[in-house]
Amino acid sequence: MYCVQCGVRLQEGAERCPLCRTPVWNPGEVAGEASYPDQLPPHYRESSRALAIALTVISVMSIAVILIICFRLYGWLKWGGYAIGAILLFDVVAVLPLWFSHPRAELLVPADHVAVALFLLFICVQTGGNWFLSFAFPLCGISCLLVTALLFLLKYVRGGKPYILGGFLLLLGGATVLIEFFEHITFGARMFRWSLYSLGVLALGGIFLLIAGMVPSLRQSMRRYFLY
Amino acid sequence: MSKRWFRLDTAGLIFPAVAHSDWANVFRFSATLKEPVDPKILQQAADDLRSRFPSFYVRLKRGLFWYTLQEVRKSPQIREDYAYPLTFMGRRERQTCCLRILYYRNRIAVECFHSLSDGRGGSVYLLSLTARYLERKYGLSVPAGPLVLKAGDPPSPEETEDSFLKNAAPAAASRGEPRAYRLHGHREIRGFRHLTTGILPTDELLSLAHRYQVSVTCFLAGLMARCIMDMQDQEAPRKHQRPVRITLPVDLRRLYGSRTLRNFSLVLNLGVDPRFGDYSLQELCTVISHQLAAENTPQHMAGIIASNVQPQQILALRLAPVGIKNAVMRLVYRRAGECGGCINLSNLGLVRLPAEMAERVELLEFIIGPQLSYPNNCSVVSYGGKTVISMIRNIRESELERRFFSALVARGVPVAIESN
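Residue numbers (this note's numbering), protein chains in the order written: chain A, 599 to 826; chain B, 4 to 423.
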């Protein structure tokens, strides 16, 4: 039995040519033995559970040691609060994803931002500063919104990557101006010292990506250059 | 009794470093017998070969500074094939045993993590296993030879040596190569591999290659390059195209007279740059043949060996923990390891078996898995008047296979196609 398109001889009982997918019509022929069984291998995924356990144990022990030292030496937390906060932040950002077999970045990124915001709030309260609500909190919020939206769109929207990335760069450019504005109202710094430069560069990149999304030949050469 | 261990050879060092959560470099060699395989006897044969092939019955052990291969106490448990060859060999499996022995109907197959050995070493193991199986089943005595080692003989130290270290030149050859064209397509889910096997008469393939006045390897490489050039023509205008180069593994044992069963092969990226003009199949075959002749010399290969050996001698790298070494090797491999070629074409050549085996072995097959950065690979072995060309891919599109096998048919070579 031969494929009428490719001219190759096919396995007995083949329904389609494996090369060109041309259907084979041969009603009298009995299916031959398959060269491989049907059973698929069990789905395998590398687990990082051991590393997660080790890092968690190290974190817990470090926190215990810091608490003992601080309370024995000073009778209160003193610098231990910062150290413990940093360890907990590390745990949320680096160790938490290791506990999941399928970590979902679009959920973990907001968790990371919440952890960072809480740590900054702690530092702000400890140092008696008044920069959290007017600077650190909006900064964390903007970053969280932008990165989560980007991850979500890249994961769940099929195609249109140049538009998503282009839009992200444009929004990021706008966000830098906002950040400078928050810096201005919190610390009294002069406006438009640096943000217009970053806005310009990011807007140029964003517009280029949007154009690439609209021009197929440009999109193809970018794919070839960056991906293949 | 303490377990033996081996250092990874120069070529094998890279594979644990670049393996990741869904890719590991594994290759496969299989022999199809004329009757169904008895798994119990196959397990006994595998047990018998343990002392003869100490560097195959090993697991990958990660130390603080280096990976090592540590002998395992028990032979791997043989098992049935899955729906596709070269299923993912994960970290846990590599830490248990880096060798798989499989069977399905009449076929005995061996899948081997590349840090253990290369295609030639793997073929020696598989053929020795098959010989031992036939001896146990039929009470035959298969004579030892270069491809079949006897189970009872002691292993020689030469068989487990790292021959790269002995044959490096004092100066290293340059690694710089332009980025070649990348084949691409839609990835299969869950790591499925499509295997398309073309079986063709060796004498007709040989006479076709001789018509182009080149060897079978150079002819197949030329034909593959032609097919890839045609595919690239459909994607981009000539002036924006990338070089089309076929990666040909070269067995260095013949060049340097080595008897090692560990890795001792290197790859050459041979081909043309389509931006300079079109090439006919005859021109492609001639160019590749001349490039191969010019580069496959002991002196040039010694320079390439040196470029692999020299980084191992940098003190800072030697003292670095294995995690840092891995990161460096991954970076180097991504930048230089595979960028110079479009596809591997590994030809093991003509295999001749002892008469006692030949009358019971129907077909030999050699399969290399897809690379880290390109989705198709091709391997060839000839035995018993049949040449088996195995093309594997991890993408859905079968365009390259269609063009390649159709081109052979169009030139008068009958091709029988099998697929999983």
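Some hints could be false.
As the list claims (entries may be wrong) - With beta-carbon atoms standing in for the labels, derived distance ranges:
hint, chain 1, residue 1, chain 2, residue 2, range
1, A, Val691, B, Gly280, 41 to 47 Å
2, B, Gln302, A, Val602, 37 to 43 Å
3, A, Val655, B, Ser177, 44 to 50 Å
4, B, His213, A, Glu610, 20 to 26 Å
5, B, Arg182, A, Phe806, 18 to 24 Å
6, A, Arg619, B, Thr205, 24 to 30 Å
7, A, Ile667, B, Leu322, 47 to 53 Å
8, A, Met599, B, Arg182, 57 to 63 Å
9, A, Arg756, B, Arg182, 27 to 33 Å
10, A, Ala703, B, Gln237, 31 to 37 Å
11, A, Gly757, B, Ala361, 51 to 57 Å
12, A, Leu802, B, Pro417, 56 to 62 Å
13, B, Pro39, A, Gln603, 51 to 57 Å
The hints are simulated quantities; they were obtained by calculation from the structure and are not laboratory data.
Glycine included, every Cβ here is placed at the ideal spot set by N, Cα and C.
Checking each numbered hint in turn, tell me which of them this model violates, lowest number first. 1, 2, 4, 7, 8 and 13
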